[in-house]
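**Student:** Chain by chain, the residues run as shown.
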Amino acid sequence: MIENIKEIKKDELLAEVKKFADAKARFVTAVCNDLGDKLEVTYFFNMSPGMEMHGLRMTVGKDEEVPSTTGIFLTTVLIENEMKEMFGLKVKDIAIDFGGHMLLAQDSPVTPMLKTGAAGGKGGE
Amino acid sequence: MGIINTSRIKSPWIMHFDNSSCNGCDIEVLACLTPLYDVERFGIVNMGNPKHADVLVVTGPVNRRTARVLKNLYAQIPDPKMVIAVGTCACSGGVFHNCYNILGGVDKVIPVDVYVPGCAAKPEAIIDGVVLALQKLSKALGVAK
Amino acid sequence: MAPRTVAPFGPQHPVLPEPIQLKITYEDEKVVDVVPAIGYGHRGIEKACELNEYPKNIYLCERICGICSCIHGISYCEVVERLWPIDVPPRAKYLRTIWSEMSRTHSHLLWLGLLADAFGFESMFMQFWRIREKVLDLLEMTTGQRVTQSISVVGGVRRDIDDEQKKKCIEVLREVRKESEALINVLANDYTVKARTVGKGVLTKEQAIALGCAGPHLRASGVKEDCRMQGLQAYGDLGFEPIVEKDGDCYARTLVRCRELLQAIDLQLEAFSKMPEGEIAVRPKGNPPANEAVYRAEQPRGEVFYYAKGNGTRNLERLRVRTPTYANIPSLLVMLPGCELPDVPVIVLSIDPCISCTER
Numbered sequence: 001m002i003e004n005i006k007e008i009k010k011d012e013l014l015a016e017v018k019k020f021a022d023a024k025a026r027f028v029t030a031v032c033n034d035l036g037d038k039l040e041v042t043y044f045f046n047m048s049p050g051m052e053m054h055g056l057r058m059t060v061g062k063d064e065e066v067p068s069t070t071g072i073f074l075t076t077v078l079i080e081n082e083m084k085e086m087f088g089l090k091v092k093d094i095a096i097d098f099g100g101h102m103l104l105a106q107d108s109p110v111t112p113m114l115k116t117g118a119a120g121g122k123g124g125e
Numbered sequence: 001m002g003i004i005n006t007s008r009i010k011s012p013w014i015m016h017f018d019n020s021s022c023n024g025c026d027i028e029v030l031a032c033l034t035p036l037y038d039v040e041r042f043g044i045v046n047m048g049n050p051k052h053a054d055v056l057v058v059t060g061p062v063n064r065r066t067a068r069v070l071k072n073l074y075a076q077i078p079d080p081k082m083v084i085a086v087g088t089c090a091c092s093g094g095v096f097h098n099c100y101n102i103l104g105g106v107d108k109v110i111p112v113d114v115y116v117p118g119c120a121a122k123p124e125a126i127i128d129g130v131v132l133a134l135q136k137l138s139k140a141l142g143v144a145k
Numbered sequence: 001m002a003p004r005t006v007a008p009f010g011p012q013h014p015v016l017p018e019p020i021q022l023k024i025t026y027e028d029e030k031v032v033d034v035v036p037a038i039g040y041g042h043r044g045i046e047k048a049c050e051l052n053e054y055p056k057n058i059y060l061c062e063r064i065c066g067i068c069s070c071i072h073g074i075s076y077c078e079v080v081e082r083l084w085p086i087d088v089p090p091r092a093k094y095l096r097t098i099w100s101e102m103s104r105t106h107s108h109l110l111w112l113g114l115l116a117d118a119f120g121f122e123s124m125f126m127q128f129w130r131i132r133e134k135v136l137d138l139l140e141m142t143t144g145q146r147v148t149q150s151i152s153v154v155g156g157v158r159r160d161i162d163d164e165q166k167k168k169c170i171e172v173l174r175e176v177r178k179e180s181e182a183l184i185n186v187l188a189n190d191y192t193v194k195a196r197t198v199g200k201g202v203l204t205k206e207q208a209i210a211l212g213c214a215g216p217h218l219r220a221s222g223v224k225e226d227c228r229m230q231g232l233q234a235y236g237d238l239g240f241e242p243i244v245e246k247d248g249d250c251y252a253r254t255l256v257r258c259r260e261l262l263q264a265i266d267l268q269l270e271a272f273s274k275m276p277e278g279e280i281a282v283r284p285k286g287n288p289p290a291n292e293a294v295y296r297a298e299q300p301r302g303e304v305f306y307y308a309k310g311n312g313t314r315n316l317e318r319l320r321v322r323t324p325t326y327a328n329i330p331s332l333l334v335m336l337p338g339c340e341l342p343d344v345p346v347i348v349l350s351i352d353p354c355i356s357c358t359e360r
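Protein chains in written order, with my numbering: chain U, 1 to 125; chain A, 1 to 145; chain P, 1 to 360.
So that you can see chain U by itself, here it is in the shape it has in the complex (with noise of 0.2 Å):
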């Protein structure tokens, strides 16, 4: 179980994270869940200063578009890009869009962290 997770909706995602914004938190991070049909973000805000930690968290459907979050917080601008190429959210707008080859190089497999996507073998055997 994690605490202060605040269940949301797509389209109050912007205006939540504004509270974030003015409330001078710091952003952590967004972990991307893949649910068979569905895909889970979670936001984590680091409440500065002290180590309390909060989370938004939107479920949306595969082919749904997203809005960034980059005009608010610039540093989103990494994670996004790697959830867009990981698991295909489609986030609209990034600040800085690297097209899907953030990490991924041109001959990498596409969207390897859903559940379905094939991704070789076992890692570490």
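These are computed hints drawn from the structure, not numbers from a lab. Beta carbons are placed, not taken as given, at the ideal position from N, Cα and C, and that holds for glycine. Please note that a few of the clues may not be correct.
What the hints assert, rightly or not - Only pairs whose alpha carbons sit at most 25 Å apart, straight line, appear in this in silico PhoX-like list of lysine-lysine:
{"id": "1", "chain 1": "U", "residue 1": "K9", "chain 2": "P", "residue 2": "K309"}
{"id": "2", "chain 1": "P", "residue 1": "K134", "chain 2": "A", "residue 2": "K122"}
{"id": "3", "chain 1": "P", "residue 1": "K309", "chain 2": "U", "residue 2": "K10"}
As the list claims (entries may be wrong) - Covered, in the sense of this in silico footprint (three residues per stretch, anywhere, with C-beta under 8 Å from a C-beta of chain A), are these stretches of chain P:
{"id": "4", "region": "16-23"}
{"id": "5", "region": "45-57"}
{"id": "6", "region": "66-76"}
Given the coordinates of chain U, work out where chains A and P should sit on it, guided by the hints.
**Tutor:** Only chains A and P this time, still in chain U's reference frame:
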């Protein structure tokens, strides 16, 4: 034997390239240069420029993006050249051998002369590998040692 | 307007042994624009962690980064322990703290050496790395490996430190502290070092928070945040206070790391004196339950974030790792424009970049 060949064997210049390794082997390669192990006493100098290097020391498994960089660097090193794969990942891919973005060991992309296994390879083993590479180089040049 | 030149920094660069590429646009010698191109170190560890059984992931997580590997292994174990949850015996908590701080000591010595190398202070580089070897010897003696220790298991630690080793550790750590102090004295007061670091790459407190920086980088800008403040492991007993500087330039970041280095040694000595007797590990029962957990620890480079989701089988449903450099790279976009060409390596190094961490 000419002066160039003599110097090549007495004082090889190495260049280090990190593919996508975990840094473990990289810091061990750097540790070789520092006072405790001090490879400079054997005349081995670390270089940043591939065009000055004789020996290419490669750490880490080759991923899909570094493969091109590695080929490029290898092509820039003048002949005769030696390639040393340092660490289990560089030899075979190691724990990452079938991760989706990994092609495998360094020998998938360029020819390797000496393999130094270990995770992470100890500085003693790396120095040993360089010495082995030099023996091979002197044989290739026809200079008996 | 002066003509513009685009020059790449990396992926193979003499200053930084790791593969990152910064496409830097210069106007004469002034930096006007930076675009980071990463992906040279991406392996796909998160996916491999889903496909592997959970006890095996320790070895994969340790190889996310070879410099902070010990804390990666410990953090992975801690986050998986939170899924049950499992309570770790107190002695194991102390041992984890000691090894964490030991790897912080070696990492900060490594970084201080690399910084000296970045502005051409070669003898200082050699001296710091000479001291660092002593710390690595301690790690090898207590854990069996110099670099990737694999010391932590789910439920505790793999080895104990006996009295003889403890005595040796305390003796060597005191020596290391004395020698580091002498070197830090030079580094912090030398005119040439100050000329290269003071006022370079300034990041204000507001910028640091807005950019989500982590670790010494954040604390050098005057933000008092450190994951050790949570009081997990043995930090609660050790009276830990984070180290903060306020200038936010390369010099402040150097000072934070210098002081943290000495603090890490003090914490180890204190932990050795307070360490309780007892068990060092408990055996986890069954598989990780269907639950999710988050754990944050302070690595030498800053805050590491571990997220784990179990599903009741021996495999994890999802493991996500956010490493400190991942949070610090965006700050380069703010710090580099406006600086001079020779300052680029110093500023890039001042965030203590760890690319293999960032890309996993």
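**Student:** Run every hint past the structure and note whether it holds.
**Tutor:** Evaluated hints:
1. U:K9 to P:K309: holds (22 Å)
2. P:K134 to A:K122: Holds, at about 15 Å.
3. P:K309 to U:K10: holds (23 Å)
4. 16-23: holds (count 3)
5. 45-57: n = 3 at 8 Å, threshold three: holds.
6. 66-76: Held - the region 66-76 of chain P has 3 residues with a Cβ nearer than 8 Å to chain A, which meets the minimum of three.
No hint from the list above goes unmet by this structure.
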